[in-house]
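Letter by letter, the chains look like this.
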Amino acid sequence: MILSELRTSAAAFHASTGWEAKPEGLCRGEICVPAPGALAADGSLDVTIAAERLGMPVIHDADHGLWALGTATLGGRALDTATAADPELLTFDHEPFRLSSLRGKKVILLAWSSY
Amino acid sequence: MALDIDIEKARPWNILAGPTHPSLVDTRHVTNPAFGFTNIPMAVWIDENGTLVRPAEAASVERSPLRNMEVPEELPEQLKKVMQAVKKIPDDAEAYRAAILDWVKNGASSRFVMTPSEVVERSGPRSNAEARARACFELGEHLRRNGHSGAAVTWWKEAHRLDPRNLVYKRQAWTLVTTPADATEYDLMQGPNDVYDSNLVDEVSSEGGFVQFIVRPAL
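Top to bottom, those sequences are chains A and B. The opening residue of the first sequence carries number 1 in the numbering used here; numbering runs sequentially from there. The opening residue of the second sequence carries number 1001 in the numbering used here; numbering runs sequentially from there.
Keep in mind that the hints were calculated from the coordinates and are not lab data. Any given hint might turn out to be false.
What the hints assert, rightly or not - In silico DSSO-like pairs for lysine-lysine, Cα to Cα no more than 30 Å straight-line:
hint	chain 1	residue 1	chain 2	residue 2
1	B	K1105	A	K106
2	B	K1157	B	K1088
3	A	K106	B	K1009
4	B	K1105	A	K105
For clarity, every value in this text was computed on a predicted model and none was experimentally measured.
Next comes chain B alone, as it looks inside the complex (with noise of 0.2 Å):
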């Protein structure tokens, strides 16, 4: 599931995956207040009966191609700083990998699924502050739809105040600040921009690394 405002973004990637699993799009993120989606990749298991058996996590489940790559010097400066911090991105893809294995092959009884107040208990924290923020990002982006660009700013800057960790939140404004609009990808490194205080490489390098926008399975 794409976490994406606009379908048309995400299907080239949506073509070059070729699922043959359902394939959908949040265009208003609603699985933030659903589920507890602030970072991608994130994932959520929901068993037969429609109950959640582990809650939002960090859910890659193949070792980046990149962890390997040397950075080439050559590169622009922003892209390399990435690329760098990608390569400190704890990997858990093995593990989480052997998990969604051993969750098919033994259901319930896998020691993987979690009770309904462990998946309680171990879902994000939300506190009057994250709540608000929500309400912000959604009323930034009905207004973005509805032609009122410049008031939407102002609301989603509030919602990146209010949630700071929500990366999902930022990553979605700063890249339409500095993705043209004739383009049919967005731009990836998402500023410096001059309309918000911060951007992709700046907020990741001043915060510690992407880990400190990642919950890291508990398996």
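Here chain A stands alone, though its shape is the one from the complex (with noise of 0.2 Å):
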């Protein structure tokens, strides 16, 4: 996640990272971790509170004004949960395209490239 400040929307917070802000904490799948102070009451999130207790490793550019936020290391492995993520995905006609648009069917998401 690209920040220019250390504050953001919870709501823009779930998006990119997976984890979302409820009353019990910073929850994804069936994982929360408490996260006293980090949610306001305007929505915003404390990130520096979030990445703190997610185990989120924060860069900062100062010459670009620019934040970025690492993965959870919250059990050492890539996977915090078997609930797969959502990111958003694009198809060849530049459409967003999110797996959990085919709940039902079996998936297998394989990766290529072209290099």
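The task is to assemble the complex, starting from two chains supplied on their own in separate frames and drawing on the hints.
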């Protein structure tokens, strides 16, 4: 996730990282991590707190005024949960596509590249 | 799903394949943090309820014709090295394809389906360094898209240093500096180049072959 300040909307954080701010904490699949003080009443999220709780590295590019958020490292594995993430991908017509649109079918997501 | 920052570079391959299933592109490499893809081809299996039943692993489904080819002596040295390295990649294609067919037939009772805890346990490692590499790669790509190619290289070099087993981060970066701007396809050799310290052939050779970057399917 790319940020120009260390506060963002909970909705944007959810869309980019898969972690949703709920009353019980930051949740994804069956996992919820308490994050007191992270969520403000106006729906904004303190990224520093959220990142610390989820074990997400934050890097800063001072020259361009940007921060980038790394992935969560809660369990030391690439996956924290077997609930499939649902990132926004694109079709070859540049249309957004989410794997959740294929619920009810078996899906093999196979990565290839042209390089 | 093509792991390609440029849809147009992937398009000719997609047209040739003529897929009848959804065919996608991950232009921001978001499936690395989402699923743990670090090389190609890799795949995950997702059941009807949206639960992963196999984590990211090498996913060849047919034996590469390169394996049976004699490497012609007259080829450029770099190309010969790549072809020789490809021939040494462990061949799990037949077993992997059979596992897919077993899942299609038997569903949740297939012996190749893992429990949620097995899926998490068998997903690749993610240390702080690997998580930081993801941030560096994404920042580099953001900067590149916004006209700061030099700054992008700096962050991509850091991503390569932090996550040396992620061959996708490396190949995506190398190919951009060795492919002419007006080319319709990427330069598959990716170097040597004077921007990065390594390139595909030298990296694979120095690390002991493609096998060092492959997550073989546990079947």
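Results of checking the hints against the structure:
1. B:K1105 to A:K106: 11 Å, holds
2. B:K1157 to B:K1088: 28 Å, holds
3. A:K106 to B:K1009: Measuring from Cα to Cα gives roughly 28 Å; hence the hint holds.
4. B:K1105 to A:K105: Distance ~13 Å between K1105 (chain B) and K105 (chain A) Cα, so the pair holds.
Violated hints: none; the structure is consistent with every hint.
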